[in-house]
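Colleague: Sequence:
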Amino acid sequence: MKRRSLLNKYLVALLGVIMVFVLAGCGGGAKTDTSGGNPIVIGAPLPTGFLYGWDAERAMTLAVEEINAKGGVNVGGEKRPLKLEVVDTRDLEPSVPVSDALLGVEKLILEKKADFIVGGPARSEAALAAMDLVSNHKKVFIATTGFLSPKFEEQLGKNYEKYKTSFRITGTSKTMVGEMLATFAYLQQQHGFKKAAVMVQDVAHARAGGEIMAKQLKAKGWDVMDMQIYPTGTGDYSSGLLKAKEFGAQVIFIWMDMPESSILLKQYKDMQLPALPYGFIEAAEQPGFFDATQGKGEYTMVHLVNAGNAPAEVTPLTMQFVDAYKKRWNIEPEGYGTSSSYQAVYTLVDAIQRAGTTDTEAVIKAMEQTDLEGVYGKIKFNKQHQVIASMDPAEGAVPQVIQWQKGKRVTVFPDKIATSALQLPPWMK
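Numbers 638 to 1066, taken from my numbering, label the letters of the sequence shown in order.
Lysine to any residue pairs mimicking SDA-like chemistry, simulated, CA-CA at most 20 Å apart:
1) Lys906 with Thr871
2) Lys906 with Lys1043
3) Lys750 with Val986
4) Lys707 with Arg695
5) Lys857 with Ala819
6) Lys1045 with Thr930
7) Lys1020 with Gly794
8) Lys906 with Thr930
9) Lys933 with Pro1062
10) Lys788 with Lys799
No wet-lab data here; the hints were simulated from the structure.
Required output: the full structure, derived from the provided sequences and hints.
Modeller: Here's what the structure looks like:
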């Protein structure tokens, strides 16, 4: 009996050892680290409580898992895994100072030992300040979400040596304005529209974008109502909408990256304001927007900046990304910052592998020579380290404008990737 009991103990112990090895190999291919070198740490400073933070984190997580599942990054013949470290910057919260976001970036560099910084901060003011911080620490920084200010290129143009560690792989307020003006030209030609109201959030990129749009629209013959500026977190837009109605606005142009913009669109629908809502609208980007507004978001047009932030046939990689994201997170890509954050990880890996090292100077040179097909078109950078935009995915990073039609996000612009014609609300006809 004692011998049998002892044998049973040995069998249990052996079974335990076997189970350890079995479970170690069954954690899911995308999560298993099969590379043997020291991890390359990607620090992601993001406002994780907001769309432009959580979608970026999910996209980068997906990219890291895919790359590690294939063996990691080839650095001069050595395979090394990627490790993603995320810190919540809270920089999209009202009244959170820029210094708080910078503390998050510094934590990633000093405590988490990040080799590279990818993602945010998302607020332009914080991201501009972060450029100084990453420069001081000699870390390559790829901005992917929220940071639309034209001052990025201005700073690099004035002082390349200081800011050369920074790159931006997403659109800018300037490129967006050109793309939006093209949409306004279509509305003027096809529907005879000539009056617009401009409503923006009280943040740098939105104010700048709204001012440029108003100026350019006036130059093109549009009547434009005085710009309405709303503090982050505003919960009532009825006064501005009534002004727009009295003005006779046919387009309500909106530039806001706060979730409260959904309230504006609900109030617009309740008023049956005879105008088409269009712009850079954070709340209307998400797949769940239609249900969340009980269908009041129908006909809203949204500029998603980069293609792939909603389903679209742009390059062979676009729907691969869309399908992988949906499989991993049980939701379609969620809006601005999703495809660009995913693309940034692959672009960084491409540069590291071509450089054969993680040395900052070598990676900067490799990033400057980037020329690859990406999720939203050709990925190349200009001399100011800004990704080159184009309406043709064979030439550069392509934007995506969607409209909510029958509860779905349908691509209506640019022509090369459009899947549906623009529709007007029935109370405008």
